[in-house]
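Chain by chain, the residues:
4 protein chains.
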Amino acid sequence: MTHLSKDPAKLVSRVRRLQGQLDAVARQLEGGADCGDVLQLVASIRGALNGLILELIDDHVRHHVVDPAHEADPARAKGASDLLAVLRTYLK
Amino acid sequence: MTHLSKDPAKLVSRVRRLQGQLDAVARQLEGGADCGDVLQLVASIRGALNGLILELIDDHVRHHVVDPAHEADPARAKGASDLLAVLRTYLK
Amino acid sequence: MTHLSKDPAKLVSRVRRLQGQLDAVARQLEGGADCGDVLQLVASIRGALNGLILELIDDHVRHHVVDPAHEADPARAKGASDLLAVLRTYLK
Amino acid sequence: MTHLSKDPAKLVSRVRRLQGQLDAVARQLEGGADCGDVLQLVASIRGALNGLILELIDDHVRHHVVDPAHEADPARAKGASDLLAVLRTYLK
Numbered sequence: 000m001t002h003l004s005k006d007p008a009k010l011v012s013r014v015r016r017l018q019g020q021l022d023a024v025a026r027q028l029e030g031g032a033d034c035g036d037v038l039q040l041v042a043s044i045r046g047a048l049n050g051l052i053l054e055l056i057d058d059h060v061r062h063h064v065v066d067p068a069h070e071a072d073p074a075r076a077k078g079a080s081d082l083l084a085v086l087r088t089y090l091k
Numbered sequence: 000m001t002h003l004s005k006d007p008a009k010l011v012s013r014v015r016r017l018q019g020q021l022d023a024v025a026r027q028l029e030g031g032a033d034c035g036d037v038l039q040l041v042a043s044i045r046g047a048l049n050g051l052i053l054e055l056i057d058d059h060v061r062h063h064v065v066d067p068a069h070e071a072d073p074a075r076a077k078g079a080s081d082l083l084a085v086l087r088t089y090l091k
Numbered sequence: 000m001t002h003l004s005k006d007p008a009k010l011v012s013r014v015r016r017l018q019g020q021l022d023a024v025a026r027q028l029e030g031g032a033d034c035g036d037v038l039q040l041v042a043s044i045r046g047a048l049n050g051l052i053l054e055l056i057d058d059h060v061r062h063h064v065v066d067p068a069h070e071a072d073p074a075r076a077k078g079a080s081d082l083l084a085v086l087r088t089y090l091k
Numbered sequence: 000m001t002h003l004s005k006d007p008a009k010l011v012s013r014v015r016r017l018q019g020q021l022d023a024v025a026r027q028l029e030g031g032a033d034c035g036d037v038l039q040l041v042a043s044i045r046g047a048l049n050g051l052i053l054e055l056i057d058d059h060v061r062h063h064v065v066d067p068a069h070e071a072d073p074a075r076a077k078g079a080s081d082l083l084a085v086l087r088t089y090l091k
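Residue numbers (numbering that gives the first Met the number 0), protein chains in the order written: chain A, 0 to 91; chain B, 0 to 91; chain C, 0 to 91; chain D, 0 to 91.
I should point out that these hints are in silico values taken from the structure, not numbers from a laboratory. Mixed in with the good hints, there may be bad ones.
[Stated by the list, open to error] Here are the simulated lysine to aspartate or glutamate pairs, DMTMM-like style, with alpha carbons at most 20 Å apart:
1) C:K9 - C:D57
2) C:K77 - A:D57
3) D:K9 - C:D33
4) B:K91 - C:E70
5) C:K9 - D:D22
6) C:K91 - C:E70
7) C:K9 - C:D36
8) B:K77 - D:D22
9) C:K77 - B:D6
10) C:K9 - C:D72
11) A:K77 - C:D57
12) D:K91 - D:E70
13) D:K9 - C:D22
14) A:K77 - C:E70
15) A:K91 - A:D58
16) A:K9 - A:D57
17) D:K91 - D:D81
Throw the hints in and build the complete structure from the sequences for me.
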C-alpha cells in the first residue's frame, strides 16, 4: 500500500538522470565554464525536476486518493480527473 | 572573465548536496517508502535548487552585467540593485 | 454539487482585492512610477494569486475528491491529507 | 528616467485584460460555476501575470541596467543578453 507506482524503476532512472546532470553542472563550475551555459543547464534540470514532481503527485493521487480510471463514484472520478488536469498546468 | 564567482567551491558543494538528496530519493523509491515522505523530500530539493539558481543569477548579474557595489553610474547601480531584490522575490 | 465552497464570498473578496491591486499597477505605469516599486507590487500580486490558487485547489480536493475530515476509508483520508500538505509546499 | 518603457500603454492594456479575467472568475464563483472551469481560468490568468512580470523585468534590465542593443562594452552586452535569455526560461 505504500508503494508509489507499479513501476518505480522508471522514476528511479529519472532521478539518476538528474544526478548526472548535476554532475555536469559541478564540472562546469569547477572548470570555469561560461556562466550562460551553466544557467541554461540548471534551467533544464529545474524543468526535469518539475516533471518528476508532477509524476510523483499524479501517482500519489491515483494510488492513494482517487484513481479516475477505477473510481465507482462518477462525481469523485470527475473531481480527481479535473484535479490532475489542473495540477499538470500549475506544476509543469 | 568567464568564471562565475570568486568562490566556485561553495556552489559546487551545494550541487553535491543536491546530488546526495536525490540519492536519498532514489533509495526511498527503491525501498517502497511512504509516498508523502518522498514528496516532502523532493519539495526540499526543489527549494534548494531554486536557491542555487538564485545564487547563480545573482552572481552572473554582479560579475557580468552590473555590480551595484562597484558601479560608477549611480542610476545603473540602483537599477541593478532593484533587479537583484526583485529576482530574490520571484525566484525563491 | 458544483459549488466550490460553503463560502464563495470570501474567495470573491480575494479576487476583488487582486483587481484593486492591478488597478494600482495600471496607475503606476500611467504615472511613470519607479520601476522597482511597480515590480515589488506585481510580486505581491503574484503571491496573492498563488495563495488564491492554493485555496481553490484545496477546496476542490475537499469538496470534489476526498475530504480527509469526513472520509470513511483511513488510507484515503491519509492520502488526501498528504496531498494537501504537499500542494501547500509546491503552490505557495 | 523613471519611466518603464517607451510604450506604457501596451503594459497597461495587459493589466486591464488581467482585471477583466479576474472579473470573470468572480462571476464564476458567485454563479456557482464548475470548479474545474474556475481553476482553468485562474491558471490562464497566472500564465498572463507571469508574462507581464517577465516583460516588466526585461524592460527594467534594458532601461535601467544594461541594454544589450546599445551597450558599448561587449562583455556587458553579452552578460545582459545571457541574463535576459535565462530569465525568459525561469519566469515564463
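Results for each hint:
Taken as a hint, the K9 (chain C) and D57 (chain C) pair is honoured in the structure, with Cα atoms around 14 Å apart against an allowance of 20 Å. Proposed proximity of K77 (chain C) and D57 (chain A) is supported: the alpha carbons are some 16 Å apart, at most 20 Å. Restraint check: the Cα-Cα separation between K9 (chain D) and D33 (chain C) comes to about 17 Å, which is no more than 20 Å; the hinted pair holds. Of the supplied pair hints, the one linking K91 (chain B) and E70 (chain C) is violated, its CA atoms being roughly 35 Å apart against a limit of 20 Å.
The straight-line distance between the Cα atoms of K9 (chain C) and D22 (chain D) is roughly 15 Å, inside the 20 Å bound, and the hint therefore holds. For the proposed pair K91 (chain C) and E70 (chain C), the alpha carbon gap of about 26 Å is over 20 Å, so the pair is violated. The suggested pairing of K9 (chain C) with D36 (chain C) is violated, with an alpha-carbon distance near 28 Å, which exceeds 20 Å. Note on K77 (chain B) and D22 (chain D): the hinted pairing is violated, with a Cα-Cα distance of about 36 Å set against a maximum of 20 Å.
The hinted pair formed by K77 (chain C) and D6 (chain B) fails the criterion: a straight-line CA distance of about 45 Å is larger than 20 Å. Among the hinted pairs, K9 (chain C) with D72 (chain C) is inconsistent with the structure: their alpha-carbon atoms are about 30 Å apart, more than 20 Å. Taking the CA atoms of K77 (chain A) and D57 (chain C), the gap is about 16 Å. The hint holds against a cut of 20 Å. For the given pair, K91 (chain D) sits about 26 Å from E70 (chain D) by alpha-carbon distance, which is inconsistent with the 20 Å threshold.
Of the pairs offered as hints, the one joining K9 (chain D) and D22 (chain C) holds, with about 15 Å between alpha carbons and a cut-off of 20 Å not exceeded. For the hint pairing K77 (chain A) with E70 (chain C), the CA-to-CA distance comes to about 17 Å; that is within 20 Å, so the pair holds. Taking the CA atoms of K91 (chain A) and D58 (chain A), the gap is about 15 Å. The hint holds against a cut of 20 Å. Between the alpha carbons of K9 (chain A) and D57 (chain A) the distance comes to roughly 14 Å, so the proposed pair stays at or under 20 Å and holds.
Of the pairs offered as hints, the one joining K91 (chain D) and D81 (chain D) holds, with about 16 Å between alpha carbons and a cut-off of 20 Å not exceeded.
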